[in-house]
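Keeping their order, the protein sequence lines are chains Y and W. Under numbering that gives the first Met the number 0, the first residue of the first sequence carries the number 0, and numbering increases by one thereafter. Under numbering that gives the first Met the number 0, the first residue of the second sequence carries the number 0, and numbering increases by one thereafter.
Derived from the structure by calculation, the hints contain no laboratory data. Note that the Cβ used here is the ideal one computed from N, Cα and C, for glycine as well. It is possible that some hints are incorrect.
[Unchecked claim] Dumping the calculated BS3-like pairs for lysine-lysine here, alpha-carbon to alpha-carbon at most 27 angstroms:
| id | chain 1 | residue 1 | chain 2 | residue 2 |
| --- | --- | --- | --- | --- |
| 1 | W | Lys145 | Y | Lys608 |
| 2 | Y | Lys79 | Y | Lys484 |
| 3 | Y | Lys608 | W | Lys69 |
[Stated by the list, open to error] Where chain W lies over chain Y, by a calculated footprint (3+ residues, C-beta under 8 angstroms):
| id | stretch |
| --- | --- |
| 4 | 443 to 449 |
| 5 | 504 to 515 |
| 6 | 528 to 536 |
| 7 | 593 to 607 |
[To be verified] Under 10 angstroms between C-beta atoms, here's a sample of chain W residues computed to sit facing chain Y:
| id | residue |
| --- | --- |
| 8 | Thr15 |
| 9 | Asp169 |
| 10 | Ala183 |
| 11 | Arg185 |
| 12 | Thr311 |
Listed below are the residues making up each chain.
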Amino acid sequence: MQRIGVFVCHCGTNIAATVDVSKVAEAAKHEPGVVYAVDYTFMCSEAGQNLIAQAIKDYGLTAIVVCSCSPRMHEATFRKVAEENGVNPYMVEIANIREQCSWVHKNMDEGTPKAITLMKTAVAKVNLDAPLQEGEAPVTKRALVIGGGIAGIQTALDIADCGYKVDIVEKEQTIGGRMAQLDKTFPTLDCSSCILTPRMTEVAQHPNIRLFTYSEVQEVSGFVGNFDVKILKKSRSVREKDCTGCGVCMTKCPSKKIPNEFNRGLNFRTAINIPFAQAIPNVPVIDKEHCIHFKTGKCGICAKVCPSHAVDYEIQDEVIEEKYGAIVVATGFDQIDLHKFGELGYGVSKDVISSLEYERIMSATGPTGGHIVRPSDGKEPKDIVFIQCVGSRCEPDDRRGKTYCSKICCMYTAKQSIMTCDHIPGAKCHVFYIDVRTPGKMFDEFYRRAVEQYGVDYIKGNVGKVTPLPNGKLRVHGVDLLDQKEVELDTDMVVLAGAIEPNPSIRPLATKLTLSIDNNNFLNEAHAKLHPVEAATAGVFMAGTVQGPKDIPETVAQAGAAAVKAVALLAKDKLKTNPCVAQPDELYCNGCSVCANVCPYGAITYIEKEVRDHGVRETRRLAQVNPSLCKGCGACTVACPSGAMNLKGFTNRQIMAEVDSVCQ
Amino acid sequence: MQELIDRAKELLKDGTVVRVLGWKKGDLPYNPEPHIFTSAEELDKDFIYNGFCGANLSKYMIAATRLEGKTLVFLKPCDTFSFNQLIKEHQVKRENAYIIGVGCKGKLDHRKFERLGLGDIAEISGIELTDECDRIHVKTVYGEEKDLDYRDVMLERCFFCKTKEHQIFDEKMLDSKDTVAEGADRFEEVKKIEAMAPAERYAFFRSELSKCIRCNACRNVCPACNCRHCVFDNTKYDTPQKANASSFEENMFHVIRAFHVAGRCTDCGECSRVCPQNIPLHLFNRKFILDADDLYGEFQAGSDTTTPGPLTAFTFGDAEPAAGLERSRG
Numbered sequence: 000m001q002r003i004g005v006f007v008c009h010c011g012t013n014i015a016a017t018v019d020v021s022k023v024a025e026a027a028k029h030e031p032g033v034v035y036a037v038d039y040t041f042m043c044s045e046a047g048q049n050l051i052a053q054a055i056k057d058y059g060l061t062a063i064v065v066c067s068c069s070p071r072m073h074e075a076t077f078r079k080v081a082e083e084n085g086v087n088p089y090m091v092e093i094a095n096i097r098e099q100c101s102w103v104h105k106n107m108d109e110g111t112p113k114a115i116t117l118m119k120t121a122v123a124k125v126n127l128d129a130p131l132q133e134g135e136a137p138v139t140k141r142a143l144v145i146g147g148g149i150a151g152i153q154t155a156l157d158i159a160d161c162g163y164k165v166d167i168v169e170k171e172q173t174i175g176g177r178m179a180q181l182d183k184t185f186p187t188l189d190c191s192s193c194i195l196t197p198r199m200t201e202v203a204q205h206p207n208i209r210l211f212t213y214s215e216v217q218e219v220s221g222f223v224g225n226f227d228v229k230i231l232k233k234s235r236s237v238r239e240k241d242c243t244g245c246g247v248c249m250t251k252c253p254s255k256k257i258p259n260e261f262n263r264g265l266n267f268r269t270a271i272n273i274p275f276a277q278a279i280p281n282v283p284v285i286d287k288e289h290c291i292h293f294k295t296g297k298c299g300i301c302a303k304v305c306p307s308h309a310v311d312y313e314i315q316d317e318v319i320e321e322k323y324g325a326i327v328v329a330t331g332f333d334q335i336d337l338h339k340f341g342e343l344g345y346g347v348s349k350d351v352i353s354s355l356e357y358e359r360i361m362s363a364t365g366p367t368g369g370h371i372v373r374p375s376d377g378k379e380p381k382d383i384v385f386i387q388c389v390g391s392r393c394e395p396d397d398r399r400g401k402t403y404c405s406k407i408c409c410m411y412t413a414k415q416s417i418m419t420c421d422h423i424p425g426a427k428c429h430v431f432y433i434d435v436r437t438p439g440k441m442f443d444e445f446y447r448r449a450v451e452q453y454g455v456d457y458i459k460g461n462v463g464k465v466t467p468l469p470n471g472k473l474r475v476h477g478v479d480l481l482d483q484k485e486v487e488l489d490t491d492m493v494v495l496a497g498a499i500e501p502n503p504s505i506r507p508l509a510t511k512l513t514l515s516i517d518n519n520n521f522l523n524e525a526h527a528k529l530h531p532v533e534a535a536t537a538g539v540f541m542a543g544t545v546q547g548p549k550d551i552p553e554t555v556a557q558a559g560a561a562a563v564k565a566v567a568l569l570a571k572d573k574l575k576t577n578p579c580v581a582q583p584d585e586l587y588c589n590g591c592s593v594c595a596n597v598c599p600y601g602a603i604t605y606i607e608k609e610v611r612d613h614g615v616r617e618t619r620r621l622a623q624v625n626p627s628l629c630k631g632c633g634a635c636t637v638a639c640p641s642g643a644m645n646l647k648g649f650t651n652r653q654i655m656a657e658v659d660s661v662c663q
Numbered sequence: 000m001q002e003l004i005d006r007a008k009e010l011l012k013d014g015t016v017v018r019v020l021g022w023k024k025g026d027l028p029y030n031p032e033p034h035i036f037t038s039a040e041e042l043d044k045d046f047i048y049n050g051f052c053g054a055n056l057s058k059y060m061i062a063a064t065r066l067e068g069k070t071l072v073f074l075k076p077c078d079t080f081s082f083n084q085l086i087k088e089h090q091v092k093r094e095n096a097y098i099i100g101v102g103c104k105g106k107l108d109h110r111k112f113e114r115l116g117l118g119d120i121a122e123i124s125g126i127e128l129t130d131e132c133d134r135i136h137v138k139t140v141y142g143e144e145k146d147l148d149y150r151d152v153m154l155e156r157c158f159f160c161k162t163k164e165h166q167i168f169d170e171k172m173l174d175s176k177d178t179v180a181e182g183a184d185r186f187e188e189v190k191k192i193e194a195m196a197p198a199e200r201y202a203f204f205r206s207e208l209s210k211c212i213r214c215n216a217c218r219n220v221c222p223a224c225n226c227r228h229c230v231f232d233n234t235k236y237d238t239p240q241k242a243n244a245s246s247f248e249e250n251m252f253h254v255i256r257a258f259h260v261a262g263r264c265t266d267c268g269e270c271s272r273v274c275p276q277n278i279p280l281h282l283f284n285r286k287f288i289l290d291a292d293d294l295y296g297e298f299q300a301g302s303d304t305t306t307p308g309p310l311t312a313f314t315f316g317d318a319e320p321a322a323g324l325e326r327s328r329g
């Protein structure tokens with residue numbers, strides 16, 4: 000029988016205001032196994048911890064229940080107290096009477112009985128707890144950064160500068176990401192490529208960084224400190240070591256009518272292509288879907304014209320297997336598909352474009368060489384309407400858009416309108432907005448510059464419809480909420496500040512890495528405030544817009560933070576392993592393989608083993624768990640129809656006992 | 000039937016197999032039972048295969064294939080799904096089995112005879128596989144005689160027959176006959192229940208399941224129920240008494256059982272056939288099959304020995320939990 004101590008925390012008034020903590024402590028005294036129960040203002044304080052330590056000595060406690068906040072907050076604290084005082088740290092159970100009780104109830108009549116139930120549940124479980132021992136695992140001193148945009152680049156550089164090896168996996172053929180597509184950056188108006196490309200070069204030249212472009216993470220197994228990753232390096236059909244990036248192949252390629260993704264489809268590219276001049280690596284990729292040679296077996300011009308004989312159609316995809324200690328996810332964002340906003344003319348008129356398309360038009364490396372012209376007729380627009388929050392800040396039931404604010408659009412719209420006025424003297428810019436949000440260093444000053452110096456016409460209100468007129472103009476029907484009137488503007492071009500969303504590739508990746516994502520596919524942090532760059536999966540970190548909308552300086556800052564967290568992990572020689580792993584019961588296992596089939600980590604194998612079962616001696620096919628691969632997710636324990644599989648620390652019996660104590 | 004006996008004797012004699020799993024004559028004309036024959040004499044005396052041999056012999060092969068030497072088993076087309084599933088779950092040893100796929104012309108439901116007042120059968124003809132299986136002549140112990148349409152007394156499950164093709168066999172004997180009813184949809188009843196209001200549906204299941212006497216026949220006959228120790232008999236995890244906690248016991252038993260066989264159930268229908276209380280237990284399984292088909296694409300457990308079941312495997316394409324929620328909202 001356990002000797003259990005129950006410690007009920009007030010958490011100041013966080014708990015005590017809606018839970019009668021002394022009643023909870025009093026009720027605990029009547030629970031089986033409980034020899035001591037007490038309540039205290041702050042259990043996590045030094046005095047609170049001393050209270051637990053003293054009680055362990057005075058009452059010979061073998062198990063501890065702390066009724067306090069979520070175990071994510073202080074489970075580690077209380078486990079440490081237990082361990083220091085001779086109680087196995089896994090003999091500590093937390094009853095979460097704060098997040099799951101006091102914070103969701105308004106009065107004591109509801110809060111107190113629920114807190115008592117939660118306490119009873121934890122006591123029921125701790126009665127069946129068994130001491131568990133942590134193992135040790137070495138740390139692979141190499142980090143993987145997934146995504147080669149500015150977030151991934153910065154993270155990789157920061158980790159590499161600390162002396163650790165880093166690999167970057169980028170699914171596109173060059174690093175650079177979205178930032179490479181931008182023209183100028185707010186609020187300083189420095190050129191995006193000018194500040195990005197030196198970083199790209201640094202990555203390419205850094206002795207600690209390896210670059211896998213045109214590659215994808217195929218499979219991830221293992222655990223913190225010891226991830227085994229398979230990287231699919233897709234065939235470029237061009238030998239990287241031979242190619243000089245001269246670009247002759249691109250000039251001769253006859254398959255020229257492929258929408259250019261880098262320019263957001265505003266012009267065409269060839270089947271063998273380098274997206275932009277500063278690409279790293281500066282080596283083309285043959286797009287097999289459009290290449291005449293791959294489609295028909297004919298052509299082969301690029302191979303013939305290549306002066307360094309770098310084109311090789313026979314190169315196959317390659318799978319690279321590597322071990323990593325830490326993984327940083329920096330897969331970035333994309334703009335939502337604006338075709339859903341047909342009423343605003345997107346997809347209807349060529350002169351209604353997205354803000355990212357407009358960036359390409361403004362950019363010197365873009366389809367028009369940086370001349371702002373209308374896509375329809377190539378004429379310079381004299382009047383441009385910018386519409387903000389297209390797909391951002393939508394109603395929850397509006398499936399076309401997102402409920403959140405995309406954060407960067409107010410500022411880049413101000414930038415785009417300023418740049419437009421700079422490019423086209425005398426041009427008139429109008430901006431339809433819901434609110435102008437400019438919290439940031441020099442942000443409001445920048446916006447005011449647009450209004451005051453450049454005379455940009457900011458109209459508070461929505462646009463309901465954009466109609467193409469026979470004369471080539473676009474009629475914008477909107478409202479001006481300040482003047483309380485309808486507005487009709489005839490303009491040359493409309494730019495939609497479309498919402499941004501996480502790059503769709505994050506969904507399968509999150510599954511591979513067992514990361515948690517929110518309703519909008521942004522990655523969830525381990526704790527929104529205290530672990531903002533750590534994923535819920537140990538050893539995985541995040542940087543940039545994969546976590547939420549943010550601008551370049553924020554992304555770079557977060558990349559640095561993620562790098563430090565990764566380095567802190569890599570700097571360790573050994574990690575403690577989680578002892579809460581699955582364990583099969585040999586006498587109950589019938590060898591059906593269901594557990595192995597559902598195991599996401601490949602931790603379960605089968606062996607033929609002789610067992611003695613009540614006088615029967617026979618060889619049986621039995622499940623075996625590799626504790627270093629098992630992450631304790633519990634999928635097998637649920638799938639096992641016989642109940643033969645148990646998760647240590649969360650056994651079927653313990654969970655049943657918990658359910659019982661709730662239902663009784 | 001004689002050719003089955005002859006072939007079994009031949010295989011016994013030449014040493015291919017050391018025992019034969021088949022059906023043995025019962026004490027009444029309508030209750031043959033699964034039996035292991037070990038000699039030619041025994042086969043001659045007791046072996047039977049007719050319209051009442053509905054029993055799926057696959058499950059008995061779990062024990063039989065763990066014995067020394069090969070076992071000959073007669074499997075109807077639908078039984079072979081179960082056999083494949085058992086191979087997949089490593090419960091039977093294929094190398095220890097010699098499978099004769101026997102033809103099937105639909106199996107009979109004794110309860111339907113009862114309902115017609117013809118339950119106490121003294122003599123019956125027209126139910127041998129060599130017959131047309133079209134018309135039946137019955138004589139009761141009370142001397143009453145009647146001609147019946149075979150389909151009037153056929154098991155419901157045979158109207159939704161999956162196939163008359165054996166999924167696994169070493170050799171095939173005797174012909175089958177298509178028994179599928181025109182326009183048959185095995186999910187029709189499930190859909191009807193799905194359409195009920197929650198309270199009505201609850202009442203339906205309560206009324207059906209409270210008939211249960213916990214005889215465990217469904218569990219014992221079910222080929223998917225092949226745990227060494229059923230969780231309901233498992234003294235280690237405090238589960239048996241859970242099921243006994245209240246009058247809700249039987250309901251929980253059947254719901255849990257349905258969850259345990261979900262994605263592995265071949266829809267052989269044995270649970271409903273053996274239930275002495277006439278509970279339509281197969282409906283639970285069909286509900287799971289329908290849901291799994293919906294969420295993961297059509298899947299027939301036991302159509303081969305390798306494809307992992309949708310609910311008993313982990314893939315990156317698995318339906319997200321939200322899919323179930325959205326589905327239930329319609």
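To see whether the hints hold, each was checked on the structure:
1. As the CA atoms of W/Lys145 and Y/Lys608 are separated by approximately 59 angstroms, the hinted pair breaks the 27 angstroms bound.
2. Under the criterion of a C-alpha separation no larger than 27 angstroms, the hint pairing Y/Lys79 with Y/Lys484 is inconsistent with the structure, at around 66 angstroms.
3. With a C-alpha separation of about 23 angstroms, the suggested pairing of Y/Lys608 with W/Lys69 holds against the 27 angstroms cut-off.
4. With 0 residues bearing a CB less than 8 angstroms from a CB of chain W, the stretch 443 to 449 of chain Y misses the requirement of three and the coverage assertion fails.
5. Three residues within the 8 angstroms Cβ limit are the bar, and the stretch 504 to 515 of chain Y against chain W gives 3, so the coverage statement holds.
6. With 0 residues bearing a CB less than 8 angstroms from a CB of chain W, the stretch 528 to 536 of chain Y misses the requirement of three and the coverage assertion fails.
7. For the stretch 593 to 607 of chain Y, the assignment as covered by chain W holds, since 6 residues bring a beta-carbon within under 8 angstroms of that chain's beta-carbons and 3 suffice.
8. Of the supplied interface hints, the one on W/Thr15 is violated, with its beta-carbon coming no nearer than about 25 angstroms to a beta-carbon of chain Y, more than 10 angstroms.
9. Hint status for W/Asp169 relative to chain Y: violated, with the closest Cβ pair at about 24 angstroms, above 10 angstroms.
10. Given hint, W/Ala183 at the interface with chain Y, is violated; its Cβ is 30 angstroms from that chain's nearest Cβ, farther than 10 angstroms.
11. The closest approach between the C-beta of W/Arg185 and any C-beta of chain Y is roughly 24 angstroms, which is over the 10 angstroms cut-off, so the hint fails.
12. The interface hint given for W/Thr311 holds, since its Cβ lies 5 angstroms from the closest Cβ of chain Y, which is under the 10 angstroms cut-off.
Hints 1, 2, 4, 6, 8, 9, 10, 11, counting from the list given before, are not met by this structure.
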